[in-house]
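Peer 1: If you want the building blocks of each chain, they are given just below.
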Amino acid sequence: MRYFGRGHGACPGCGLAIAVRNVLNALDGKCFVANSTGCLEIISSQYGKNAWGVPYIHSLFDNVAAVASGISEALKAVGREEEGKVVVLAGDGATADIGLTLHGMFDRNHDVIYICLDNEAYQNTGHQQSGLTPLGEATTTTPAGRIQLGKTGRKKDMVAIALAHGSPYVATSSAVLPADIRRKVKKAANIEGAKYIQIHCPCVTGWGIDGKDVVKVGNLAIETALYPIVEFENGKLVSVRRIKERKPVEEYLRPQRRFRHLFVDPRGKEIIAEIQRIADRNAERFGLDLKKE
Amino acid sequence: MMKVVRGFYSVAHAVKLCRPNVVCAYPITPQTEIVENLAEMYANGELENCRYITAESEFAAASILVGASATGARTFTATCSQGLILMSEVLFNAAGMRLPIVIVNTNRALSAPLSIWNDLQDSMALRDAGIIQLYVENNQEAHDAIPQAYRIAEDKRVLLPFMVCMDGFKLTHAYEPIDLLEQSVVDSFLPPYKPAAYLTTKKPLAFGCYAPPHVYMEFRVVMQNAMDRAKAVMGEVFREWAEVSGRDWGGHLEVVYPEAKFFVISMGSIVGLLRKVVEDLRKKGYEVGLIKLRTFRPFPAEDLRKSLSDAEKVIVLDRSVSMGYEGNLSIELKAALYGSSADVVSMILGLGGRDIPREFLEKLIENAILGKEGSGFKGVKDFEEVIP
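Residue numbers (the numbering used here), protein chains in the order written: chain A, -4 to 288; chain B, 79 to 466.
If you are wondering where the hints come from, they were derived from the structure by calculation, not from laboratory data.
Don't take each hint at face value.
As the list claims (entries may be wrong) - Okay, derived cross-link-like pairs now, DSBU-like style, lysine-lysine, Cα gap no bigger than 35 Å in a straight line: (1) A:Lys71 / B:Lys234; (2) A:Lys44 / A:Lys182; (3) B:Lys234 / A:Lys44; (4) B:Lys450 / B:Lys412; (5) A:Lys25 / B:Lys272; (6) B:Lys280 / A:Lys181; (7) A:Lys207 / A:Lys182; (8) A:Lys25 / B:Lys234; (9) A:Lys44 / B:Lys281.
To be verified - Derived list of chain A stretches under chain B, where covered just means 3 residues or more per stretch with a C-beta under 8 Å from a C-beta of chain B: (10) 31 to 40; (11) 46 to 53; (12) 56 to 69; (13) 96 to 103.
Using N, Cα and C, we set each Cβ at its ideal position, and we do this for glycine too.
If we strip away everything but chain A, and leave its shape as in the complex, we get (with noise of 0.2 Å):
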């Protein structure tokens, strides 16, 4: 039985179909899916070409949180609880953005995983800019102009939002780290209450890279500690994925179309430079350099 497959229309290389293909492997298929409206939604459940192995409920873009509390909820009311877990599966603008609803979820504790797919961007409706688009990214609305060089606010912290909730597991993952998103799920689904898991999805299309380079891009995000790889119980930091050697941001940024105008213009020298130091806040803030002593 394939959970998520048949048809899924996603591009070659898209993050999301891996990463969502593992959470479903981890939980051996038995769970309800929440999505909101976005790339995932678009690319796997078109009438007559559902890709889903797995009872599945899209609803609207700025609600699943809610609707997956109302499916754990009805489960314990109707005593069927044992069939699987609930997971929502959504991406950064329904996480972030217009879907931050989801502190009712949080503060009410219901058993759900939520999964945030964060490919730092609305791509599906062609790449514009949302609460997860990091500093200098250029987006269709935040686009690399005369008096503006792309976004200029920072990437918001939903790990940290998820942790004043009170969140029982707070993690981050990548695509490509498969085998990490399953512990990481795994893990989850033996944890009661509100869980929290944002995986970074690259984006082919919408960072402007080719397929057969994700693996390598998402591995830079790492490497950079843009993308610092965490886990949390109970609000303590209890694992991170460590560094060897440190690569500057310049390694990750520069192959990307979308960070493609801070090599151009003289202005990106600041940028980039502020962009590393967010970077060596991240390896500070949570240790990621594995010390030579």
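With the hints as your guide, set chain B onto chain A.
Peer 2: What follows is chain B alone, placed relative to chain A:
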């Protein structure tokens, strides 16, 4: 058991008897006491196999019920006004997914200006959602409407959300002697919910697929067909209810004095007042009758055409207005009477809780019959719009 209770309790008690699995709401005046009563019942263990969820907004409440209903749970929420409008994105979606969620809307005006008082503007805004709308005259009818709402909504020929509309404050906060139903009566009338399709790992289905242009329209056509079938199903259920409970609320309409030349038509609690007004006018010699419209969606156009086929004049009393046109019921009624010779007078009154005294109402209708009162807003003071 006859007991003097307030409107909100008559609803909460009936909901309990319907054995809901998930109750979820957000407080809003004048609905709050409905869910407060349910919360109390829940806290005291009176709701079996049920979860009561305090949502962070009406938008979330409706969304939680979408998930719960799709999972096969019997669901309930209550709201009104801004809350209903905040739910609206979700409710259109729930109707499209054919989820039989039952909602009580305690009709209240919309902001701005802010008003917590009664009119029908809120539910009228949901007219096109694919939600059944039933308007009740009093709290016994509201009480009785709840089990019927579940029966109709969950019927496999229907499968649509059902909204019971009751006037905020005028009904919700009014004390009335109510014949509170027995559990056994409701159990015999309303079987446990057996969903036609639901989310289960035993037979995975996908809800809420997206539909490209080559299939979208067919989904909308079947919704319209379900609304059409609902008319007949509601008729059956109304009749069965009359037998089971001994209270006959009529069909989609109740017609008083069907042979009359002049008719007054309206919805909701104002009908109680109109009964008295019509009696008084008849004593004065006017051949006037009354139509209480119960079902607003699906709209019983055929029933109205038949009932008004020989009418000379129809006086519509609206408590909402489609800005830029006229009263909502009036618009619908005129469309239903297209081609008929009846004269229609459209009056808009009682917005935002504006009082409608009986003597005032009687004079309005008398003058309308005599051709001395035309369409428009009634009971409005002289005022001047000031734009600085």
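Peer 1: Compare the structure with each hint and give your call.
Peer 2: These are the hints, each one checked on the structure:
1. A:Lys71 / B:Lys234: The given pair, whose Cα atoms are some 25 Å apart, holds under the 35 Å limit.
2. A:Lys44 / A:Lys182: 32 Å, holds
3. B:Lys234 / A:Lys44: Holds, because 25 Å separates the two Cα atoms, which is no more than 35 Å.
4. B:Lys450 / B:Lys412: The hint holds at about 21 Å.
5. A:Lys25 / B:Lys272: This hinted pair holds, its Cα atoms lying about 23 Å apart.
6. B:Lys280 / A:Lys181: 21 Å, holds
7. A:Lys207 / A:Lys182: 30 Å, holds
8. A:Lys25 / B:Lys234: 28 Å, holds
9. A:Lys44 / B:Lys281: 17 Å, holds
10. 31 to 40: holds (count 3)
11. 46 to 53: Coverage by chain B holds for the segment 46 to 53 of chain A (7 residues, Cβ < 8 Å).
12. 56 to 69: holds (count 11)
13. 96 to 103: Answer holds; 5 residues pass the 8 Å Cβ test.
Checked against the numbered hints listed earlier, the structure breaks none of them; every hint is satisfied.
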